[in-house]
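Trainee: The residues making up each chain are set out below.
Number of protein chains: 2
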Amino acid sequence: MCQPVRVSAESTDRPVCVLGLGLIGGSLLRAAVAAGRTAWGYNRSAIAADEAVADGFDAGTDLVAALERARREDAVVVVAVPEPALDPVLEQVARCAPGCVLTDVVSVKGAVLDAVRRHGLAARFVGGHPMAGTAQSGWSAGDGDLFRGAVWVVAAEDDTAPEAWTRVARLALDCGSVVVPAGAAEHDQAVARISHLPHLLAEALAVTAASGGDLALALAAGSYRDGSRVAGTAPGLVRAMCEANAQALTVALDEALALLTDARRALATSGSTEALVEAGYRARRRHDDLDRWDITDIEIGAPGWAEALRDAGRRGGALRAL
Amino acid sequence: MCQPVRVSAESTDRPVCVLGLGLIGGSLLRAAVAAGRTAWGYNRSAIAADEAVADGFDAGTDLVAALERARREDAVVVVAVPEPALDPVLEQVARCAPGCVLTDVVSVKGAVLDAVRRHGLAARFVGGHPMAGTAQSGWSAGDGDLFRGAVWVVAAEDDTAPEAWTRVARLALDCGSVVVPAGAAEHDQAVARISHLPHLLAEALAVTAASGGDLALALAAGSYRDGSRVAGTAPGLVRAMCEANAQALTVALDEALALLTDARRALATSGSTEALVEAGYRARRRHDDLDRWDITDIEIGAPGWAEALRDAGRRGGALRAL
Numbered sequence: 002m003c004q005p006v007r008v009s010a011e012s013t014d015r016p017v018c019v020l021g022l023g024l025i026g027g028s029l030l031r032a033a034v035a036a037g038r039t040a041w042g043y044n045r046s047a048i049a050a051d052e053a054v055a056d057g058f059d060a061g062t063d064l065v066a067a068l069e070r071a072r073r074e075d076a077v078v079v080v081a082v083p084e085p086a087l088d089p090v091l092e093q094v095a096r097c098a099p100g101c102v103l104t105d106v107v108s109v110k111g112a113v114l115d116a117v118r119r120h121g122l123a124a125r126f127v128g129g130h131p132m133a134g135t136a137q138s139g140w141s142a143g144d145g146d147l148f149r150g151a152v153w154v155v156a157a158e159d160d161t162a163p164e165a166w167t168r169v170a171r172l173a174l175d176c177g178s179v180v181v182p183a184g185a186a187e188h189d190q191a192v193a194r195i196s197h198l199p200h201l202l203a204e205a206l207a208v209t210a211a212s213g214g215d216l217a218l219a220l221a222a223g224s225y226r227d228g229s230r231v232a233g234t235a236p237g238l239v240r241a242m243c244e245a246n247a248q249a250l251t252v253a254l255d256e257a258l259a260l261l262t263d264a265r266r267a268l269a270t271s272g273s274t275e276a277l278v279e280a281g282y283r284a285r286r287r288h289d290d291l292d293r294w295d296i297t298d299i300e301i302g303a304p305g306w307a308e309a310l311r312d313a314g315r316r317g318g319a320l321r322a323l
Numbered sequence: 002m003c004q005p006v007r008v009s010a011e012s013t014d015r016p017v018c019v020l021g022l023g024l025i026g027g028s029l030l031r032a033a034v035a036a037g038r039t040a041w042g043y044n045r046s047a048i049a050a051d052e053a054v055a056d057g058f059d060a061g062t063d064l065v066a067a068l069e070r071a072r073r074e075d076a077v078v079v080v081a082v083p084e085p086a087l088d089p090v091l092e093q094v095a096r097c098a099p100g101c102v103l104t105d106v107v108s109v110k111g112a113v114l115d116a117v118r119r120h121g122l123a124a125r126f127v128g129g130h131p132m133a134g135t136a137q138s139g140w141s142a143g144d145g146d147l148f149r150g151a152v153w154v155v156a157a158e159d160d161t162a163p164e165a166w167t168r169v170a171r172l173a174l175d176c177g178s179v180v181v182p183a184g185a186a187e188h189d190q191a192v193a194r195i196s197h198l199p200h201l202l203a204e205a206l207a208v209t210a211a212s213g214g215d216l217a218l219a220l221a222a223g224s225y226r227d228g229s230r231v232a233g234t235a236p237g238l239v240r241a242m243c244e245a246n247a248q249a250l251t252v253a254l255d256e257a258l259a260l261l262t263d264a265r266r267a268l269a270t271s272g273s274t275e276a277l278v279e280a281g282y283r284a285r286r287r288h289d290d291l292d293r294w295d296i297t298d299i300e301i302g303a304p305g306w307a308e309a310l311r312d313a314g315r316r317g318g319a320l321r322a323l
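Protein chains in written order, with our numbering: chain B, 2 to 323; chain V, 2 to 323.
Among the hints, a few may not be true.
Stated by the list, open to error - One-sided and incomplete, this derived list gives chain B residues near chain V with beta-carbon spacing under 10 Å: (1) H130; (2) V239; (3) Q248; (4) T297.
Claimed, not checked - Restraint ranges, calculated between C-beta atoms of paired labels, are given here: (5) B/E92 / V/A142: 56 to 64 Å; (6) V/D115 / B/D115: 36 to 44 Å; (7) V/R73 / B/D263: 22 to 30 Å; (8) V/A124 / B/V252: 39 to 47 Å; (9) B/A86 / V/S141: 54 to 62 Å.
Calculated from the structure, these hints are not laboratory results.
No residue lacks a Cβ here, since even glycine has one placed at the ideal position from N, Cα and C.
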């Protein structure tokens, strides 16, 4: 397991079995086929499966058949079902294809890793999270180019199998993404700050603006529209990701609350917003100026490779090739 | 003063004197000329004035000459200087052109109204606020189409002169905007919610995200980018508008803090974000579904006209014509 892996196109260019054909899974099936992979999909409801077949893809509603084929062809299995469906799907994976490399595309990695461990699938599992999406959902909203130029987190834990990591990273690269390595816990802490917190701030802005009545809403322009945009996301999706990451989100929310409470005090006492406004400007500039450097010198499977990858990710590194 | 005004193109199609040729003033000079008005501009620094002349506009650096011409030609005088320059400019207006209709384009209306009263100019003053802008500034960033389709608040106080109100509203309509009537105080309360609060939330998001280090910034995608976009605005501009509206902003900020504090408590105790997420979704939908209806039945100058306009504005009404 800990032998260095020599990566070649042949060794990793394996079939892909996509479980769940919604926006992300459906886009992934398209992208994998476009990259020249053999790929097939499963969806619980026949609607998406039929749409996929009508669009020329190999798809069906028989989970056992999809997984038995994955075992026969040594496919990478991608779990792309909504969070509530995770457990029954993992149960079938453990029964039909326990030896396959397994990944997922769910936005909170700690909860998925726990579920995978419960089902005894950790040895071949590598968590994944493509940072891409739209407000739409379903097979028809999918797009084979959805992941092009996006960041795809591929989780590297100390017990991750190097060959499995390489296969999952190769799939993300084949879909046109850059790979950022991270541990599940630090991924969840990061997305609490840059994805789940902005959702809660957007909700609070939307409510406070509407409390100003139709006059306030009629005057709302760019800063309101951008600041509250994601409050238009379906509440179920927002709740699912925020609540699955409650612990890390609480930490991020507390930091934002402290900043805003300090600003409120300064505004009321000295009439100044200097501290928050100057810090916010510097922070946003730091994002805009971020240099995403290429990770090129880490041999996957060499001693300490996972920690080396995580460390590079923490310092803003990304893989564009293997 | 309280006689109903019969509005005709002839009676209102007056010259325009624009004081300050930055983004808003420069765009206004272009838009007024494009609408067929005689218009000229003043700017303290010669750079913008020279650029305007080079672009074929009538502009200079002599404030007294611009204002004496305004008095001779009975022009509408538009104050478009940065807030710190307000007092010296109003002093010259009071000296050279006290009888001209006077308006402004500053984003906080209460503070400007106070300054105008201090200079004894309230009788001919009508506050204005075009809800348009870009991240750029200066003459060269201006655009004669900047106000097209935008909302332009034209303040209606109980002591506003009907003829002056009509002239300022006509100018806003000539620039392609729709006119939303409001009192200065309720305008400031509204913009605290939809413009100044989103700036502070964006700053807090930017700082909290950056505290997650380069990994968090590398993963930042749409919800971070939109939510923190206005944190990239020059700090001086953000501070000027937030601090000039400190009282109303404190109220809005307290409401947002209460929502986020409640959400934090619910997340930590029950793991749920339902209350905030559902309320935010409904509020954003209310904005998206807002029906901006046309105000057509109010005669400017008839008894109670200003209150009738403000009431219509509160209920989402706007003027598209006079």
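Trainee: Run every hint past the structure and note whether it holds.
Mentor: Each hint tested on the structure:
1. H130: Result: holds, 8 Å to nearest chain V Cβ.
2. V239: Since chain V brings a Cβ to about 5 Å from B/V239, closer than 10 Å, the hint holds.
3. Q248: 9 Å, holds
4. T297: 17 Å, violated
5. B/E92 / V/A142: 56 to 64 Å: 60 Å, holds
6. V/D115 / B/D115: 36 to 44 Å: 60 Å, violated
7. V/R73 / B/D263: 22 to 30 Å: Given a distance of about 53 Å, which is not inside 22 to 30 Å, the answer is violated.
8. V/A124 / B/V252: 39 to 47 Å: At 56 Å between Cβs, range violated.
9. B/A86 / V/S141: 54 to 62 Å: About 55 Å separates the Cβ atoms of B/A86 and V/S141, which means 54 to 62 Å holds.
Consistency with the previously given hints fails for numbers 4, 6, 7 and 8, ordered from lowest to highest.
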